[in-house]
Structures are given as C-alpha cells and as structure tokens.
Amino acid sequence: MPTKRELLIPLSRSELLAIAQRFDLPVTSRSSKDELLDALDAARNVTKAALSEQPPPSSKPAPSSNGKQFSGFSEMTAFLWSVADLLRGDYKQADYGKVILPFTVLRRLDCVLADSKPAVLKKHEAMKGGAVKNLDPILNKLTGVPFHNTSKLDFPKLKDDPGHVASNLRGYINGFSENARDILDRFGFANQIAKLDEANLLFTVVSRFAAIDLHPAVVPNHVMGSIFEELIRRFSEQSNETAGEHFTPREVIRLMVNLLFVEDDDALRKPGIVRTLFDPASGTGGMLSVAEEYLRELNPEARLEVFGQELNDESYAICKADMMIKGQNPGNIVRGNSFSEDGHPDGRFDYMLSNPPFGVEWKKVEKAIRGEAEAGYAGRFGAGLPRINDGSFLFLQHMLSKMKKEGSRVAIVFNGSPLFTGDAGSGESEIRRWILDNDWLEAIIALPDQLFYNTGISTYIWVVTNRKPVERKGKVQLINGVELFQKMRKSLGNKRNELAPEHIAALTKLYGDFAEGEQSKVFDNDDFGYRRIVVERPLRLSFQASPERLERLKEESGFQGLASSKKKGAAGEREAQEGRELQQAILRALGRLDPAKVYRSRKLFEEELDGFPVKLPAPVRKAILSALGERDDAAEVCRDAKGNVEPDADLRDYENVPLKEDIHAYFDREVRPHVADAWIDESKTKVGYEIPFTRHFYKYKPLRPLAEIEAEIRTLEAEIQGMLGEVVG
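Residues in the sequence shown are numbered from 1 upward in steps of one, following our numbering.
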C-alpha cells in the first residue's frame, strides 16, 4: 500500500498547490514543491481517503460536451472570477459578487438539469393543465434533485440568440421551480440582468458562463461547493469593511467544529451514520459547509444534514445556493428573523454552530420576544431577556431550545459582554444562572483579538451541551488562547491575525485533555455564582434653623408648592394667597428657634415642630426636615415609627459574596472591621452569576524600577535637546 506521501510525489507543484488550497492549508503560491509535500503529508485532514474522493487535478475529467473543462480547482475558480474583468468600470469591486455568484449558481443548476431536461419537458407538457396541480414532486423525481426547470431554454440556447438574451434569460429563470427562483430573487438578480443589459455586458457574461462545464460528472458536489466557497471568500475580501457580515474566518469555524465533534469522533466513524446541524444565523453558510467537510474527511460514509436561518437576503441566497450546489436540501435553509420567526419550530438537532452579530438590537421585534418570554419555559426565552441593545443571549437560548433530549452539542461565538454584563437578578445574570444550574456550560475558549473581519475586539467560543461526559459533570473549563495566533501578511478589514493549523490543534488538545495548566483552568459551576448583599448603615442627622438652612427651605418643592393652586379663577388665587401666608407663618415660627442650636436627635427636633402654632402639612414637614437636616456622625440614629433603625441611602453599599461562602462569615471578615454599625438587609439579597474570565488568567507585571524610568526620561530629554540644537543652529 503506498503511503500518502508516495501518492503525492508524482503530482506537479501546481497540482499540489490546488490540493492544499482545497483543504485550506496555510501555503502560498510561492511555496516550493518540498514545502507543499511537507504541508500535505503533515495535515491530518488530508487523508488517503480524502485524496481519492476526486481524481488528481491532472486526471482526465469525465466526458462531457457542455462547455470548457479545467485541469484543477484553482483554474476553474480563476476562470469564474475572471468575469470581474468584464465588470470593471461598470461595477464597483465590492459588487462583483452580485453578478458572479448568482450566475455561477444558475450555470451549475443548468448543468445539473441537462441530462433530465428532455424527460422533464415531455412530462410537463403531458401533465400541465391536468388534474394534478402540484407537479413539483413528479418533475423533481425525474431530475433526481429537489428542483427542476420547465423552460425549453438553457445556457447554449441563450448564447445562440444574442438579440433577445435579456428576455430569454428572464423567461428561463421563470421556468425554475419556486425554491430555485427564490434564490435568484433574493440575490436581486433581476436588477443585475437589467444593469448588465443596459451596459451591453449581458450577452458577454452569459457567453462566458456558457463556456464552462459545471456538470456533476465533471465537477462533483463537494468540489463545486469548495469552488463556490472560494468565490464567496473573494467576494467577502473585496467588500473588506463588511466582510464579517458575510464570512466567518474558516480557521475559526474549523476550531469550533473540532470542539463540537472531538467528543464524538468514535461515534461519527460508524458506517452510514446520519447527524443534523443547525445555524440560526447562518450567513452565507460557511459554518455548515466546514462542518460537512470535516465529517466527510472523518467518515466518507457519514451524512450531515444541515439546517439554517438567515435574515439578510443576499446572505440567505448565497447560503441556500451553496446547499443546493452541494446536494443538500435547500428547503432546510429558511429566511427570516430567528427571534420573531422561528424557521424550524419543531426542529431538534445533534449539533449547533453560530457566529451571531455582536450587540444586535432586538427593539424591532420586542413585542414578539416579550410575548414569548411571558410563556416561560414553554417558549424559547423563559430564562430571561438581556438588555435590548444586545441579543446575543437570545441566540443562545434559541439554540438551547432545540437540543435533543438524548443530547446535543452547541458552539457559539460571543464577545466579552455575555460573560459578565448585568448585575444579580438581571436578565443576563439569570440566563447564565439557568445554563450553569442545568450543568450545560462545558467550556469557554478565549480567542486572539483582531481575528474577525468586522471587529478587532476579543471574542470567545462557548461550548454548551446537555450530554456532558462524566468527568465534566458539574465543571466548566476555561481556555486562554489569546496568544495562539500568527500575523497575516495582509490585513483584511479589522482582521490582522489568524489561527494556523498548529494553533487549532493546540486549542483542541487543551480542550480534549481537560486538565489544569497555564492556559487551561477547571472550575465548579458554583464558582461563578455569588450573592449580592446590600450593606446598610444607620441614618444620623442633625438639625439647625440657621439662616443658610432656612434659605434652602425656600427652594424645596414641598415648601414652594404652598404658594400655588390647581384651582382656577378666584378660588385658585385665594388658595395661593393662603399658602403664601402659611409660608410666612412657618418661616416666623422657625425663626424663633435658636439659630446656633444644633439638634442631634431628629425626635427632639420633630417635637419642636409639633409645638408650632401652625399645622404643618406632611409635604411641608418633609421639606423642613430635608432642608434643615444634615448628616452628622455624632448625631443619634434615626428610627421609624416602629422603632426600627433607618438606613442611610447615601451610605448604602453592595458586596458580592461567592456562592460557596457564608455571607455572615464574609461580612464579619470583610465589612464589620471597617464599619461596625453596618448590617445586611437580607430581604434584598440576590443570587447572580458572572464569568470573570480575564481575572482567572491575569498575570501581575511588576512596574519598572524608578531609576530605570528616570534614566529613560533623561535619555529622551538629551535626544530632544540635540534635535532642537540642530533646528536652531
């Protein structure tokens, strides 16, 4: 039996490079043949079985007369993207994909249906207008795929009639079954046809695509999928600033898939195994594609059925097209807002992956979400609602509602906010509590920053499951991977760093080993819980009828309100006048008190007020106590009518006590030695959960010695003086 290296040695350098690109290895077009051989031989995902899935690039393709054939993946992709040369000037770079992607889809569908076209047209002609109204299942059975086309046109015929290419192309598209038309409609393809026709480019573009043979006998589904993904990647890079909206870096997806599947490697190797995967924010379908590719490498006989939902029309179209191109059921991809329109209400999945948008606001669908939250755990959001400007936890709750009873595994990308945002009792804290109380959180992996196209902030992968292995029960693993990256040769938007295969392998190993170390720490679920206690101190006030405090009384709203009335006319004026007279009477009464006397007992001062010749309305009495009173540590403690000590709201404090610690022991150790008169208001104690990831991996860096800093400053001063001397001569 030849080794993998022996299979690779006879191939040319360009053929080796094409294989490396197919398996997403970190090689460049400048790599030597030896470097390519070493990279392919060392790559775990490049197995002998995977190499044999498609003939070597130099092999002769299956016979076909449906257009030009190519020697390899790279040449075919380059030909398709060369349409951009035709568009230059009439289209912006960022818009090339709006033409190339839908035309690639259309040409692939055209080639897929070529063999069955005569039979479909014959059957359609025979049955149209008959008793059977829905012909889709019958016609799809003839095509062998979940779509068909009843138009007599195809790409060769479109090319043969240059004078009517626009109308013919529209008619040809209308002949597709609804699920295929939906893709092209969401692409906004009708607008592109009109724009290309106006620019006299439509016939040229149609001719270019008619010249390539994308028949499945020549380009198998998984190869076509790789080509389409490469086109998506180029499209994403062209749009640079917004690439993150369309494309999650493949190396991040690869890591997430590793984390999902690593526990199930043995089970996934069984012949004929079928598993399901769901992404509620599927974008262009990158996560679904990489997961499918991974499982195919692991077990060519396994099948992964993928499901998704996406709100953005263009991304939805790309994702659905990608699934159709690969032979997946395009009906499994649903358009709509996952929060308010659950596209898979009865779906339960083995695996779930997602990279939802960070900080997405849910105000537009607030009514639907709050309505479902009121249903409690009968709905998807029973654990709680996060703040309205960040729906990250809504995505996770949505995914957790779709776990199978027998077990599912979830991996989702978050920014740092879901780790700690929200105090005890808040929606975010309650969601964390729900996840940890159910023992679903398995691990959190911190990724390097500047890893994504549309943000440079730190990101984290959460691994959540309802079928933890025995050794992980009641535990959460935190993995610090912030230093595992390599710099990119060329930045793409905010993406300046990337994960190399060795970094993915290292993080996967840290996760799989489930051991304590410098980059990995294991905690009990309760380690992230705490009780938020309210620490109160007594209210102490002294009172004085000094001129300054009496002036403050005049500004109190309760006192000023005496001189106004809600009544109209004479009755209102009479009431206001009476109020003004009462104000003067109160000021005269207070003026009789000794302005130098300080009352350090509120009770005694209130007795003075009780002896006034005028009756004080409750709002006025409150205004007097507020204006004439000041906090005084030497004063007596204020008590309510029942004799209970009143707390001072301005001195109120809060303490977070670890869940594993007794709050009274904590209070006696940390609080009482500093404020002896404090107490805990236990009626206000709340339980909260947060995951202070950074704190657990913090490394203290001592400050530099002062002498070293001083020497550096003096050196800089000397350099500045020297430069000034050169300037002024």
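Be careful, since some hints might not be right.
[Claimed, not checked] Heads up, simulated DSSO-like pairs for lysine-lysine below, C-alpha to C-alpha not over 30 Å straight-line:
| no. | residue 1 | residue 2 |
| --- | --- | --- |
| 1 | 660 | 684 |
| 2 | 521 | 642 |
| 3 | 521 | 660 |
| 4 | 699 | 642 |
| 5 | 152 | 92 |
In short, the hints are calculated from the structure, not lab data.
Query - Hint numbers contradicted by this structure - result: 2, 4, 5
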